[in-house]
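S.K.: Based on these hints, arrange chain B on the given structure of chain A.
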Amino acid sequence: MKKRASVLFLAAAMVLAAFSGCSDNGTASTAASTGGTASTASTAEGGEESQAEENGEVVELEFWGWWSSEARKPVITEMVENYNASQSKYHVTYVDIPWGDIFTKNIAQIAAGNPCDVMANSMEEVRFRASEDQVESLDAYVTDEEKAGFYEQYIDACTGDDGSLYAIPYSVDTRAIYYNKDHFEEVGIDPESIVTWDDLTEAAYKLDVKDGDTYTRVGFMPLLGNGGVDTWIINANGGDGWYDQETLEPTVNTDTNKAVLKWIRGVIDHYGQNTYDTLSAAFSSGMTDPFASGTMSMLVHTSAYTSSLTQTAPDLNYGVIPLPEYTEGNGNTVNGGGFVLEVPKGAKDPAASYDFIRYATSYETQDFLAVNIGDFSARSDFGDDAEFFQNPISQDLAKCLEGTVTVIIPNEIKGYTDVINPLIEEGTLGIVDTDTALDNAQKAFEDFLLG
Amino acid sequence: MFSKLITALGVKTNRGRETAYGYVFVLPWLVGLLCFTIGPMIFSFITSFADYNMRSVEFTGLNNYIKMFTRDQLFWKSFYNTVIYSVMNIPLVTIGGVIVAVLLNKTIFGLRTFRTIYYLPSIMVGVGTYFLWMLMLDPSNGLVNVILKAIGIQGPAWLTDPAWTKPAIVVMHLWGLGGQMLLYLARLQSIPSDYYEAASLDGASAFQKFYKITVPLISPIIFYNLVIGIIGSFQVFQEGYIFSGNGSGSPAGSLLFYNLLVWNNAFKNFDTGYANAMCWFLFAVVMILTVIVQKSQKKWVYYEEGDNDD
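Chains as they are written, first to last, in my numbering: chain A, -5 to 445; chain B, 787 to 1096.
The following block holds chain A by itself, in its conformation from the complex (with noise of 0.2 Å):
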């Protein structure tokens, strides 16, 4: 028993021994707290921090983010490297995680009470992260003037329920219609005369070209690229559709989408569910494209777009012009998005993180990125003779932008989209008419708001 005893003794003095060499250095024990929600460890990681400031060391910080190819990493890279000469307190160096890894190993780090510094995230998601708790304010840092320099509504998306920011715009982007300049041309269609839904479809069918019951070349489809029922929505909307905005009850079912909806499957019925399969799997498997192959003439896609397209076909001419009007006078409304950076909640010097953030998204850094990256700024103070509107799709492109809402899903209804989606996209596919598809919609979204 004794034998045991000792035994048993020894296994655990051995497990203490080796957690032991897995604890931090001591100084997490004697660290002063000095306040807020930040975890015992993190309060004292800051404390060094700002010890090795005094000092005189450079703190070093993490900035994490998914661009990672030939176009952006360089620019990124050479960014952080100015800013780390441009001063001597910090030294930020960028990390690129792949986007499918990126956002959960964030929270991970969140939870654990040591995050990265600086983190680029989505705007459309700041709202909902600020009240998971998952973000550190930024009003101790920011100055009204700073603030003043980015469009309100990106500042708005940036603020949390509690009316404090959590974020700085970083790069914001819109949707638009690219357009083959050649194939206009050939068929003799002036850009500038798509103004409504209708004057879209004429012009694509008019640009189709069949083979026998096949197509060889596709007009326009609503759902390829990167615009899906949502932005067809919006557009007819002035808005985001799905919801009343004052309410939040469900607007699902609403003449205006049943006739949005039906027009999506018409456009597919005209060139058959076997063309819609076949240029769908091309553009899902990312090995073609069939607009930057000349197969389909015009393509919904966000002002990202273009730097893609620089790649895999230089050589194209296209050009740009707005989602057209659902009806006229309607508005071109188009959804868009942008990133953000943030600080992590925990992050051991959330003041240096802003620092670097400020740098990043100064009036100097943001039109280097734009000019370099060919990413559109939240900045409002960008006038018409920056270096970066001097390429003619980027203006066009500005002026899409003026045009653009960004959704941000208020966080009573965060996740209805997970179940209206499915059923929406057997409207689309075909396989269920689109008024019952949009019916069955609303219903769901009606028990999701009862459960």
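A couple of the hints might just be wrong.
DSSO-like cross-link-like pairs, simulated, lysine-lysine; straight-line CA separation at most 27 Å [unchecked claim]: (1) A:437 <-> B:853; (2) A:67 <-> A:99; (3) B:863 <-> A:437; (4) B:935 <-> A:204; (5) A:393 <-> A:141; (6) B:863 <-> B:998; (7) A:408 <-> A:252; (8) B:1054 <-> A:408; (9) B:853 <-> A:252.
Bear in mind the hints are in silico, worked out from the structure with no lab data behind them.
Here the structure is a predicted model, which means the values were calculated and not measured.
M.R.: Relative to chain A, chain B alone:
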């Protein structure tokens, strides 16, 4: 150092020392098990009764479980998708593995090459193979439909038609059955040829030999693959995540598998307590199925030399 420590702790007999050393040697594994398996499992079980978002825990009793069974519209959809997929996948991959193994157990020209070819896909794992299959399953230019067209069949839109997405994944898994095949093959090689000779002398047909000799003798491996197959099928995740492009389970929710919904709840909606509750329900389902298969083995699994006692 340990020797002195052990003596100091009063362990003097050889047997006691051996036990102590035994613990030292298993310690890394034990620590790993405690830290990375048992610990998280206990934590996940506790938080399955809470509103937990990885930042705060608020206990809500059975609320997560009640929501799962009564209010979450996607729960049953994802469960249905997973069950349908498993019902198609498990028997086909198991039967496919046996058939390929039996074929490759014959003495034919280029046998080793064939074995290598069949085994190769099972060592190719990861996202790359899914993209490869996205190309192979392309409705117009993909290899699968081109071959089907050559024999006069108009292939479906595998990954865009909701009715064909799950069969597409099963086809992909059939391609990777080399791992199972290898286990069957190893067992087949150890079956003495006398059994078949004796059966031939008694006038047994090829099918009778397969059914009465081969199947019983490889049944322990079939049993093992079945259990592993059930566990694997219910854990299907990557296929749905990658083929639907954005994790939504599209087209029309046909690829919304159970684990994809768990992932969405945990990492997109930050409803981690609910996701944990879903995990425990899945654990229960898989456990029950495994126990049923385990109990049924007495009826159909043949162990030589009285191994069937347990």
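S.K.: None of the hints should be skipped; say for each whether it holds.
M.R.: Here's how the hints hold up against the structure:
| no. | hint | in the structure |
| --- | --- | --- |
| 1 | A:437 <-> B:853 | holds, 18 Å |
| 2 | A:67 <-> A:99 | holds, 20 Å |
| 3 | B:863 <-> A:437 | holds, 16 Å |
| 4 | B:935 <-> A:204 | holds, 21 Å |
| 5 | A:393 <-> A:141 | holds, 23 Å |
| 6 | B:863 <-> B:998 | violated, 41 Å |
| 7 | A:408 <-> A:252 | holds, 23 Å |
| 8 | B:1054 <-> A:408 | holds, 10 Å |
| 9 | B:853 <-> A:252 | violated, 31 Å |
Taken one by one, the earlier hints fail for this structure at numbers 6, 9, listed in ascending order.
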